[in-house]
Amino acid sequence: MKKFLLASLFALGLGSQAFAQGELTGVYLRNSGSNDYPQSQWNPAELPFTAAGKAVFDANKPGKGPRQSMPAFGNDPLGQSNPPGLYRTLVYGRPIEMVQLPDRVVQLFEWGKHWRTIWTDGREVPDALVAGPFWYGYSVGQWEGDTLVVKTVGLDGRAWLDEWGTPYTDLTEIEERWSRTDDKTVSLTITVTDPELYSQPWTSDVKTFAQQPTDSLNGELMEQIFAPIDEVQFNLEIRDRAASGPNATE
Amino acid sequence: MKTLKLLPAIAGALFSLLTLFAAPAIAHHGTAVSYDQNGWITVKGTVTEFRWRNPHSALFLDITKESGDNVNYAIELPSPVLMSRSNGWTRATFKVGDTVEFRVHPSRTGADVGECLFDCLVYVNGELLASRLPNGETRTEGAAP
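Line order of the protein sequences matches chains S and W.
With the first letter of the first sequence counted as 1, position 139 gets the number 139 in this note's numbering; the numbers rise by one all the way through.
With the first letter of the second sequence counted as 1, position 71 gets the number 71 in this note's numbering; the numbers rise by one all the way through.
Calculated from the structure, these hints are not laboratory results.
A hint or two may mislead.
To be verified - Calculated from the model, a selection of chain W residues having no Cβ within reach of chain S, i.e. all distances over 12 Å: (1) Val33; (2) Val47; (3) Asp62; (4) Leu82; (5) Val96.
To be verified - Computed beta-carbon distance windows for the label pairs: (6) S:Ala59 <-> W:Asn125: 45 to 51 Å; (7) S:Glu46 <-> W:Val124: 45 to 51 Å; (8) W:Thr64 <-> S:Asn35: 36 to 42 Å; (9) S:Gly93 <-> W:Arg91: 21 to 27 Å; (10) W:Gly110 <-> S:Ala59: 26 to 32 Å; (11) S:Pro126 <-> W:Lys44: 57 to 63 Å; (12) S:Gln233 <-> W:Thr46: 20 to 26 Å.
All figures in this text were calculated on a predicted structure; none of them were measured in a lab.
Using N, Cα and C, we set each Cβ at its ideal position, and we do this for glycine too.
Using the sequences and the hints given, assemble the complete structure.
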């Protein structure tokens, strides 16, 4: 039915603006801050944790944010060179390249050198119980006017939602709303739904991303792969050594 | 007069705040908390290894401490992507045998490890290297070593 409606819109010429090429294409860098937030980089307020959610949050020991501790004594999944995952990457300040095609939007991430696809071809969102788990989820988008509304399921709950240890699970569903606010900026909000961890869905603040000219410092994505062969050496010779001097208390 | 005396402390506090707020955007795995972000020390020694690796680079120096002990000191640095973009550094910036002076935040536990992500005041064989400031600009001038 949905495909029929989309086809009808196109036949009437009404869908041409929504699927116009190049609305999101470009390289972007997040330029909105979150350093004074109480718990999550995604939300300026405290999160509506369930008891189970708070327990998971408390068990996550990040190296950044209001609960930061020395990484040598933390449990950040990145500490062993695991992938950052989709939402931690989106909130991190590294270039993202978006390529808008007629049937999808592809996002290329410098951080970790990963990518994700947002399908805009009218397909259905897969059953969250069946899809994945994927570190970068499975995403289907639809245009609502100039806003690309994305539903992501099939996530791998071993990753964190941000640098500060905000949790999600394999069954978390996330809605993203991407909009171009002007010719140099796109914005993003996410709504997180997970009854196990959160007593109600919660919506992030508006994250903004500034477009980077191709000839600027951040205008070209470069390689930033996390290789275990390097991480193991770093942990042994730098991270753990820095935490184990003569004045160590842990 | 009191205000004048307090100016360095106020400037230091402001700089620390800048560094504190800027660090989460730049550090990769949150290692910044392992170092005294309010304190600086300067280490001077001879390069034994420059590790140009993602997501953490590192420089190793043979130094002589104030105590007279000779140690191999490790400096944690940003990723190659960040150093090449903002500082113009390359994997050939430091060579084994170079004499290097480097301003770093020392390990909070007193280990022979430091870290610098911004404004490192680095001299290689007596010449100042460009170094990114917390505000995104680049330092190209500094005090003589």
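**Asked** Of the hints stated earlier, which fail here?
**Response** 1 and 4
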